[in-house]
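Protein chains in written order, with the UniProt record's numbering: chain Z, 1 to 463; chain X, 1 to 463.
Simulated from the structure, these hints should not be mistaken for lab results.
Hints may be right or wrong, so weigh each one.
Chain copies aren't distinguished; within one or between two, either way the pair holds.
Said to hold, decoys possible - Heads up, simulated PhoX-like pairs for lysine-lysine below, C-alpha to C-alpha not over 25 Å straight-line:
no.	residue 1	residue 2
1	Lys2	Lys307
2	Lys318	Lys307
3	Lys291	Lys361
4	Lys201	Lys190
5	Lys422	Lys361
6	Lys201	Lys294
7	Lys48	Lys152
8	Lys459	Lys294
9	Lys268	Lys110
10	Lys348	Lys307
11	Lys358	Lys196
12	Lys196	Lys22
13	Lys372	Lys11
14	Lys190	Lys422
15	Lys62	Lys34
16	Lys110	Lys358
17	Lys2	Lys268
18	Lys92	Lys2
19	Lys345	Lys372
20	Lys11	Lys196
Spelled out from the first residue to the last, the chains are:
2 protein chains.
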Amino acid sequence: MKATLIREIFKDTASYENQQIKVQGWIRTVRASKAFGFIELNDGSFFKNVQVVFEENLSNFKEISKLSISTAITVVGELVITPNSKQPFEIKAVEINVDALADLDYPLQKKRHSFEFLREIAHLRPRSNTFSAVFRVRSIAAYAVHRFFQEKGFVYVHTPIITTSDCEGAGEMFRVSTLDFHNMPLNEEKNIDFTKDFFGKETSLTVSGQLNVEAYAMAFRNVYTFGPTFRAENSNTARHAAEFWMIEPEISFADLQDDMELAEEMLKYIINYVLENAPDEIEFFNNFVDKGLKERLNLVVNSEFGKVTYTEAIDILKNSGEQFEYPVEWGSDLQTEHERYLTEKAFKKPLFVTDYPKDIKAFYMKLNDDNKTVAAMDLLVPGVGEIIGGSQREDRLDILEERMTAMGLSKEDYWWYLDLRKYGGVKHAGFGLGFERAIMYMTGITNIRDVISYPRTPKTAEF
Amino acid sequence: MKATLIREIFKDTASYENQQIKVQGWIRTVRASKAFGFIELNDGSFFKNVQVVFEENLSNFKEISKLSISTAITVVGELVITPNSKQPFEIKAVEINVDALADLDYPLQKKRHSFEFLREIAHLRPRSNTFSAVFRVRSIAAYAVHRFFQEKGFVYVHTPIITTSDCEGAGEMFRVSTLDFHNMPLNEEKNIDFTKDFFGKETSLTVSGQLNVEAYAMAFRNVYTFGPTFRAENSNTARHAAEFWMIEPEISFADLQDDMELAEEMLKYIINYVLENAPDEIEFFNNFVDKGLKERLNLVVNSEFGKVTYTEAIDILKNSGEQFEYPVEWGSDLQTEHERYLTEKAFKKPLFVTDYPKDIKAFYMKLNDDNKTVAAMDLLVPGVGEIIGGSQREDRLDILEERMTAMGLSKEDYWWYLDLRKYGGVKHAGFGLGFERAIMYMTGITNIRDVISYPRTPKTAEF
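Bound conformation, chain Z alone:
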């Protein structure tokens, strides 16, 4: 007999009623008296468990009664609808076989564990309720991203991970090398001789695929990347990881307005898709992690996002009467407290802030006619602050070159990026969504370490 997945049973319980079926899974709990017992069984295909009832007529009744948590078993039994019980149905076992025992020192016993402790057993934590919900939502959300863009005909581009350029000019990058660290080759000037390295030059891990994918937007019009990116920032916060995934669409024949429309449509699509395809998980988060979660997600899905310029936002903040920790001043970047005031109190909905001062934004953003601001946008959402950052790109070769010179970037290093402006470089725009931030937002989980399978942060790269 072929095993039935627990997901299938929940999806179409009626068709299994009074049928004999086979299920396989891992024991979450066993409770047994002398005459009968109950097993909560989870097979990983679904958030919820099935209840298995077993009685003393089983030849191995005693053995089964004593099975430890996480033991893997195969159950053959009849599915019985139980309208008066907590669970909608149960399986009356006629046969239970043990596939793989679990040692009694299994660390995930049935009690509440701290998230800190669970990080130390990152290889086991997806077996817990919370983390099975987190990582199923993560998987479903990742698929939603692909569905959204592919249904719109966007081309998915795998931009390189190993790179010789530094997209943001930020410099906080991991170096990639095969040189012998004990015996570094030096050139005549006594500098490290990177011509001896694997790629014949200095290479690092990418901080963004944007520059690379802009070239593809000039070929396919609408494109996106979705892959890992890296920051060697030594910041041990709940919102920073050294390795995270990023979604970066890039659209041609498009300006900042088009960019914001796309961002709004995408975010609503992903949230809707998760609400529809992980209802049990979202319910769980709403009950046990963040009571306001569903309300907040529904607000995002059902509101038309607001828009305000950075300059207007500064005025609103100045006139708010609020006491902020960081001063509000035109020319400074907005802090999370400012962002949250704007989206949570001033506008009470998701909010695009546009046209930031050029000096606090990247070189590739399109200079506005006022010569002081650039066509950038950040999307702020209640409960978090910034979740998306994007811009129209500078498509005028001369102004782009001026900006690069002003920021100390070498034209030679970016020859191919400048080429894009020489050969039919139409107006184009794009944005980046940090995937983990989005997952945190959709689950209510507040530490980025708890939405990454095996998180990499300063001094931590376990497993």
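Since the structure of chain Z is already known, use the hints to place chain X on it.
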């Protein structure tokens, strides 16, 4: 007026007949006489161009006649069905505006360029027919992978890129570091003091997500990874890249037989999806890159894959009467020439070779009862040889530990991997498909550098 994508026009030409529409794109060619002219326009949304006809009644007729290749324009005009022409329809322009000019030194002029030359302009090559086809197929195939697994309820796991373990025990890895290369910190034993490094220990780029994802298979039953992997092999061949993407499913309550069924189903699904969703691109490859392509793909889709054990395969090769460059001997790995003989001549269809000698396979593969072979499988396909490699995993703790000791691996380094065998570690299996190899197979492109947006190979990490 909103622009219409060329893809939409080809999909539903009738509904645009005699309508005034707006299209935007890049010029592939212009031909003009004194009275009228033709533009082949491509907007990146579709493989094919539209033909735009313009006449001297346009106020900027002369300017348009002289536009250079790759100039971006916006055309307003009437769509006219042309049943007697090469192209099914054309657009009679009433207005053409230039969005962005292309310099005359645009390197992709209308002539045949070598693939080697095109690699030097990797930022422009997706604008050519061949590479627009390659990278659209790549995008569609990537989506097919996700669709296949998500429709089956598999959970997508982002396994870490930066790692402290070496999955294959191979050692050909890139090191990741933020140490100051000019001034390496040393510890008391005069070794590099990696406690000073970003992660507090030696880290590298992953060669496989398998070990990490096995932990998730014990939580979700069926899971997969799809992400970049790295090999610092100094091999400059047409089939090796230092950075490539890999698909690695892992299934629980499953043996080698289940693993092969999944591999066969997945490969057929991806190929079918590409055949259905990129018919023009596949037609192009079949006409201009590899005449036997469609026949070969249809063979894969329509045949039941063969199965043979490694031991039987050795006998077949020994009795083949073929002169092989490499000797055929039980205990040695199969070479590409052997693999191709088996799949192309002996079986004439895709072929699983199973149960390889343990000494030429990885430590985590399940030891067979003969004590000499492991439950491994390679899938060989005509025209290429090996495309998938997989195995049932060793789920017996004691035997796994023995194998690790024999291969010089430290149990302490793999404590968490061994844990998986202690706590309900059911039988499980998985495989890896190199995504670029699959794209090469589906396009007929013979160099891996031509299916990667910006390839990374020894001494090459441009763009």
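Against the structure, the hints:
1. Lys2 x Lys307: For Lys2 and Lys307, the Cα distance is within 25 Å only across copies (23 Å; inside one copy 55 Å).
2. Lys318 x Lys307: Only inside one copy: Lys318 and Lys307 sit 18 Å apart there, 74 Å across copies, limit 25 Å.
3. Lys291 x Lys361: Neither: 36 Å inside a copy, 51 Å across copies.
4. Lys201 x Lys190: Answer is within; shortest intra-copy Cα gap is 16 Å, inter-copy 27 Å.
5. Lys422 x Lys361: Result: close within a single copy only, 24 Å intra versus 52 Å inter.
6. Lys201 x Lys294: neither (50 Å within a copy, 41 Å between copies)
7. Lys48 x Lys152: Intra 34 Å, inter 18 Å, cutoff 25 Å: inter-copy only.
8. Lys459 x Lys294: Intra 35 Å, inter 51 Å, cutoff 25 Å: neither.
9. Lys268 x Lys110: neither (36 Å within a copy, 43 Å between copies)
10. Lys348 x Lys307: within (12 Å within a copy, 62 Å between copies)
11. Lys358 x Lys196: neither (39 Å within a copy, 37 Å between copies)
12. Lys196 x Lys22: neither (60 Å within a copy, 53 Å between copies)
13. Lys372 x Lys11: Neither: 57 Å inside a chain and 45 Å across chains, both beyond 25 Å.
14. Lys190 x Lys422: neither (39 Å within a copy, 53 Å between copies)
15. Lys62 x Lys34: Answer is within: at 9 Å inside a copy they meet the 25 Å cutoff, but 96 Å across does not.
16. Lys110 x Lys358: neither (54 Å within a copy, 40 Å between copies)
17. Lys2 x Lys268: between (39 Å within a copy, 23 Å between copies)
18. Lys92 x Lys2: Classified as within; 18 Å inside a copy, 61 Å across copies.
19. Lys345 x Lys372: neither (28 Å within a copy, 70 Å between copies)
20. Lys11 x Lys196: neither (59 Å within a copy, 52 Å between copies)
Hint violations for this structure: numbers 3, 6, 8, 9, 11, 12, 13, 14, 16, 19 and 20, all remaining hints satisfied.
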